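Chain by chain, the residues:
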Amino acid sequence: DAGITQSPRYKITETGRQVTLMCHQTWSHSYMFWYRQDLGHGLRLIYYSAAADITDKGEVPDGYVVSRSKTENFPLTLESATRSQTSVYFCASREAGGVYEQYFGPGTRLTVT
Amino acid sequence: AQSVTQLGSHVSVSEGALVLLRCNYSSSVPPYLFWYVQYPNQGLQLLLKYTSAATLVKGINGFEAEFKKSETSFHLTKPSAHMSDAAEYFCAVTVRGQNFVFGPGTRLSVLP
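Residue numbers (the working numbering), protein chains in the order written: chain A, 52 to 164; chain B, 20 to 131.
No wet-lab data here; the hints were simulated from the structure.
Any given hint might turn out to be false.
[Claimed, not checked] Derived list of chain A stretches under chain B, where covered just means 3 residues or more per stretch with a C-beta under 8 Å from a C-beta of chain B:
hint: 1; segment: 72 to 82
hint: 2; segment: 92 to 105
[As the list claims (entries may be wrong)] Quick partial rundown of chain A residues pointing at chain B, CB under 7 Å, derived from the structure:
hint: 3; residue: Glu146
hint: 4; residue: Val150
hint: 5; residue: Tyr151
[Claimed, not checked] Some residues of chain B that are not near chain A, with every Cβ distance over 12 Å (derived):
hint: 6; residue: Val23
hint: 7; residue: His94
hint: 8; residue: Ser103
Model, not experiment: these values are computed from the prediction.
C-beta: ideal position from N, C-alpha, C; glycine also.
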């Protein structure tokens, strides 16, 4: 089925370890986004990408790295995980034009111990 | 810069009662506004959107929202709550399209 998928859905890792969260979309949307969701903060933008090989920082980029070598994939890497990065991470995508609604993946629940 | 406030982190209504979830935004230019719903352990699903075509916007599941520029508001309503409406609701604003600013969310409980 077409859509946006995230893997893994659940991840437990230790402080200091590197972890990569995957995001894949089948719509060929130009834009892709990574958010983190924390209680009381709603969703906050970590990074976004306007096209392959074009990425930019969002509101809370520190401690995260992204890449986008292919239009359909947008992995998010925590190079050295910290407990403050325990959160639910959502990937989203949207078309280049239009009315800007974003389509969200099911989320990855990450726990850093 | 844009911002969104949602009055009430938790709203409880009885089944069949009116649902009113509040959203106020701040933007120096005309915004696009959205309401999303999140069911437990799921991603966000678009309920409705305001894109300047009409101030009263109808969405899925019987929800609607009215854009009021003078009040900088975009409140979400539903005439009669159903048990299946229990979820978290997020209001979001964007002016250039790529960056959404989300409100903190309102958790809706529906009591039998």
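Each hint, compared with the structure:
1. With 1 residues having a Cβ less than 8 Å from any Cβ of chain B, the segment 72 to 82 of chain A misses the three-residue criterion, and the hint is violated.
2. Residues of the segment 92 to 105 of chain A with a Cβ under 8 Å from some Cβ of chain B number 7, which satisfies the need for three, so the listed coverage holds.
3. Annotation: interface hint on A/Glu146 violated; nearest CB of chain B at approximately 10 Å, more than 7 Å.
4. Because the smallest distance between the Cβ of A/Val150 and any Cβ of chain B comes to about 5 Å, under 7 Å, the interface hint for this residue holds.
5. A least Cβ separation of about 4 Å between A/Tyr151 and chain B falls short of the 7 Å threshold, and the interface hint therefore holds.
6. A beta-carbon of chain A is positioned within 12 Å of the beta-carbon of B/Val23; the least distance is around 8 Å.
7. The beta carbon of B/His94 sits about 17 Å from the closest Cβ of chain A, which is more than 12 Å, so the claim that it is off the interface holds.
8. Distance check for B/Ser103 against chain A: the nearest CB is about 19 Å away, which clears 12 Å, and the non-interface claim stands.
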